[in-house]
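**Q** Based on the hints, put chain B with the ligands in the right spot on chain A.
Going down the list, the sequences are from chains A and B.
Under my numbering, the first sequence has 94 at position 94, and the numbering climbs by one with no breaks.
Under my numbering, the second sequence has 1383 at position 383, and the numbering climbs by one with no breaks.
Keep in mind the hints are simulated off the structure, nothing from the lab.
Predicted model only: the values in this text are computed from it and were never measured.
Keep in mind that the hints are not guaranteed to be accurate.
Unchecked claim - Below, computed lysine-lysine pairings styled on BS3-like, alpha-carbon distance capped at 25 Å:
#: 1; chain 1: B; residue 1: Lys1252; chain 2: B; residue 2: Lys1085
#: 2; chain 1: B; residue 1: Lys1183; chain 2: A; residue 2: Lys290
#: 3; chain 1: B; residue 1: Lys1085; chain 2: A; residue 2: Lys290
Residue-level listing of the chains:
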Amino acid sequence: MKQSRRNFLKTSAVLGASVVGLSSAKPTKAAPQNILSDERMGVLVDTTACIGCRKCEWACKKAHDMPAGNIESYDDRTVFEKRRRPDAKALTVVNEYQNPNGKFPLNVKVQCMHCDHPACVSACIVGAFSKQANGSVIWDTDKCIGCRYCMVACPFQVPAFEFEKAWSPDIKKCDFCFDRTKTGLLPACVEICPMEVLTYGKRDELIRAAKEKIRLYPERYVNHIFGEYEVGGTSWMYLSSMDFTKVDFPKLSQNPAPGVTEAIQHGIFAYFIPPIAIYALLGGVMWLNKNRKHESHGEEE
Amino acid sequence: MEHFFKPTPIQKKFFTPIIMIVSVIALNGLIFLLGRFLFGIGAITNLNDQFPWGIWIGIDVAAGVALAAGGFTTAALGHIMHRDKYEVIIRPALLTAMLGYTFVAMSVMIDLGRYHFIWHPLIMWNGTSVLFEVGICVMIYLTVLYIEFLPIVTERFIGRVNLPGFLKKFNNTVDKLLRFLDKGLEKTMFIFIISGVVLSCLHQSSLGTLMVIAGPKMHPLWQTPILPLLFLISAICVGFPMVIFESIISSKSFGLKPETDVLSGLGRMVGPLLLIYLAAKLIDIVVRQTYVYLMEVNTESIMFTIELLLGVVIPLRMFFSRKISSTPAGLFIASGLVIFGVLLNRINNFIVAYTPPYAEASYFPSIGEISVTLGFIALEILLFRAFVMIFPIISVPQKVAPKTKYAIRGLFK
Ligand code: SF4
Ligand code: SF4
Ligand code: SF4
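Here chain A stands alone, though its shape is the one from the complex (with noise of 0.2 Å):
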């Protein structure tokens, strides 16, 4: 059987770009919701007026429906010993730092930071993460398929995810209250706060304020907004007495957290035309090979 030049050219194009077509697909319309609004909300967590009293703790577990035990439970000032990290049982937790300068130690709040330019939402292999309008980056329990991807691509490390479950373990992560603020609430941390550590509001007019705070107490405060900058930007963000290194917050570029991966693969996959091209050139060095061998060996059938 010999097929026809006309032929091998002609299913090889139609099944062809169908085939490599269906895998380097980059689907515009099912991408996860990524919105960058001027409108987004965002917290402004004063790392010095904050008395590690840990209640946000305690509402955020209430308000999240884990276990949250007694309030008092709270008050023991013991589990700052160690350094804690948000995990499957807690979106946040607070931790505590001596601090050379000052006569007061420094509690620090940890959570997720809500990135203006998401790496998880970047990342996630089914779109379970997406931006919303007013800043919060939550995560869909109805498509996420469990493959923690997004945990290596956080640039803070605040997905948990549910090792000890068997059958469907969830990913964990501040959701900014998503439920809550939808209805007008505050964010269930912000509300309990006593001390006003945690201001709710526009993202811009945080970041203003934050500014005059700076301005009016230049030696309570340490000249940079973590979260302004960082990654592009995050939703929350810090004031801090002391060196953000310094209380545990990793070092990082002004660069978007998922930039370079999201360039190198529009490059690969720009309009299909990598690899249709590939797919063309091997097909026709496929052809040539195949004529030249018929040529020589003659007709075999």
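**A** Frame of chain A; chain B with the ligands shown alone:
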């Protein structure tokens, strides 16, 4: 013709003492695997919120994909470049790739927290996700590999369908079906072969892009925007060594003479490829000035040095030596080193280089993880052995030239 090679099912006893040991390793892996499904990932592995990925991703998936590269490199050589001499290695390489990718898919499945949602990427797309692209490419490529393998199945069974018991009356129908399939595949196979090569290039490179998003969490010796290029070149480099390595082992195991001529022909192509890879690697550490990290002595710098010296430089020298690359022993060792180098490179990229900011202790795989990984490799070996005994995969010298149509056909002419 004095030497006429024809793929033939190997007739040997399945169990040998070594195969018994391999079976025990496989069984042990399956027991721990059961534990993973009953008690969750946390119970069996050392993974935690700091180290979400371990050797099931670093070795089983990342290295597994790279080491299955023999499938597309030999397909390109034999079918696209039409080098007839290498026809004998295409089938074993195809089988390795098919089994390799099947196990890659299974490893992904067991590592997924919600494995019952493994089909989600088919309908829930995220174009910015590298993992999405890798996942879809691997899924399609696996299908392509099965299709490429089908002609071997039809060849085995056409005219020989013999169903047991009451199914006997379907013998004819099944035979007709196989013949129909065979005809259709013969005409369209080139489409799948080219697709296979394209898909391989795509996901082999994207596998490298996977860790780029980890940014500063990955050690600068490995974190580079040209990771996709490095992954692609190293996958191409390891393709032929893998075929050589395996071919020598199978010959030994089945008491055949290794086809030194064909294998050293393959070996001659490896040297230049390794040279390109080495150059890319060196340019990368010079341009990004990351060689400064090699001045200090720590796990990362040691691993990087081993990877490059033992896995690239030494085999490079060996493959360029005529004397070494024309003996089975030399080929075997040189190929083994390349395989080791690529394996170590994937482990380094996915595990050693990954240094999350809040880790309390570094990650080392648990007994359970190691058991499952070894168990999967053992299962792959067992399946490979079973397949070459059932299907015409390995070419053995024939006494008389066969006449029937289906006997001499390779994948296609
Ligand atoms: S901190 Fe991490 S989890 Fe939170 S939005 Fe940013 S990338 Fe996502
Ligand atoms: S674990 Fe879930 S949320 Fe995280 S990347 Fe995978 S699918 Fe997305
Ligand atoms: S915003 Fe809500 S979810 Fe996030 S830490 Fe505060 S209470 Fe918890």
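**Q** All hints are to be evaluated individually against the structure, with a verdict given for each.
**A** Each hint, compared with the structure:
1. B:Lys1252 - B:Lys1085: holds, 21 Å
2. B:Lys1183 - A:Lys290: holds, 19 Å
3. B:Lys1085 - A:Lys290: This hinted pair holds, its Cα atoms lying about 15 Å apart.
When held up to the earlier numbered hints, the structure conflicts with none and fits them all.
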